[in-house]
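Once you have looked at the hints, place chain B on chain A.
Sequence lines, in order, name chains A and B. Quick note: the first sequence, position 139, residue 139 per the numbering used here, numbers continuous. Quick note: the second sequence, position 36, residue 36 per the numbering used here, numbers continuous.
It should be emphasised that the hints constitute simulated quantities derived from the structure, not laboratory data. Certain hints may be false.
Just so you know, same-sequence chains aren't split out, so a pair can sit in one copy or run between any two.
[Claimed, not checked] Simulated crosslink set (DMTMM-like; lysine to aspartate or glutamate; CA at most 25 Å straight-line):
id: 1; residue 1: 86; residue 2: 170
id: 2; residue 1: 148; residue 2: 87
id: 3; residue 1: 97; residue 2: 129
id: 4; residue 1: 160; residue 2: 129
id: 5; residue 1: 148; residue 2: 158
Okay, here's what each chain looks like letter by letter:
Number of protein chains: 2
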Amino acid sequence: MSNEKPGNSNIVWHNATVTRSRREQQNGHKSVILWFTGLSGAGKSSLAHAVEEQLHQLGSRTCVLDGDNVRHGLSGDLGFSDNDRKENIRRIGEVAKLFLEAGVIALTAFISPFRTERAMVRKLVPHGEFIEIYCCADIAICEQRDVKGLYRRARAGEIKNFTGISSPYEEPVNPEINVDTGTQSIEECVDEVISLLHARGILVRA
Amino acid sequence: MSNEKPGNSNIVWHNATVTRSRREQQNGHKSVILWFTGLSGAGKSSLAHAVEEQLHQLGSRTCVLDGDNVRHGLSGDLGFSDNDRKENIRRIGEVAKLFLEAGVIALTAFISPFRTERAMVRKLVPHGEFIEIYCCADIAICEQRDVKGLYRRARAGEIKNFTGISSPYEEPVNPEINVDTGTQSIEECVDEVISLLHARGILVRA
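Next up, chain A with everything else stripped away, as it sits in the complex (with noise of 0.2 Å):
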């Protein structure tokens, strides 16, 4: 903390002196992006929530980003054009770099379909700190839960451009971590990605 007056005016006195580092030395655990993806119904935001959860119960800070928050907030001026739909990601993609720097682990939950997109946000961070998680459930099990109604819709041509139906889902050529969420029980799948954590250092307290 500088203990310069403002008015002297031959320093530059606004340097941010609280690192990441000083915050992952404070909560006791490193920050990294957690990127869910996969098909609509795959169950990537309730995978999401329940890592979150269980880190939470570690100890660590956390956030998720999902439709729920970000579609009606920060891409709110944002619809579901290719160019929006990419925007959207960058956005989603820049944010979650700032919950890494503020020493927060970030979890994202959406379809993000496209590779070049996933490598987009993969590129903001240092290497090692963008963890994607294939979700990658069976079509057929996703359009059956259809929890928001969506494939209904899209079969009837309500929607357009929905991935998996009429729009495409590039599966993620190597992930960090594959779970197939439309048979593994979730504890599983929460079981995988907390596991990775603690192998890669990042959960170091626990």
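Only chain B this time, still in chain A's reference frame:
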């Protein structure tokens, strides 16, 4: 945390169980937005970082949003037209709200010269959770400092719509905190902010 298996389509199992309240309890303090506003060179970013340092030493979770980490990232696609400046402030408000929900004290340091835009952000969050801090340094002092050389360039006509020179700064009518960052020491200004946070019960443990 839900114990239901994802294969059970009768339940919606993506509830967020880690609430803001639980985060605040974990952190030992409440979250809030500290919105620093004032002329270029008034010392907003410096004061925000000095307050952050103090808060960190008190064991609080914080983040600072300022031009350095927002204009090159989240708002990297925006310029300085009236519309773009407004969109910039809107996004910052939405991101600050996400940090608020994550239990983090969000400090923002942007000129944010217009009352309507600051009011827009204030309305995003519950009453009392947006604290406006007017850094009211005299423009002569700001221009004398001119740390970034912006006033000189604005006077030379190289920068258009420069707040205080060729674009208005609308003073806050009733800010929660009013500090004269032109004449007060940074310690005095920090104390004023921390005192208010104590008085408001935001720092409950310190």
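message: Going through the numbered hints above, which ones does this structure break? Give me the numbers in ascending order.
response: Going through the list in order, the structure violates hint 4 alone and respects the others.
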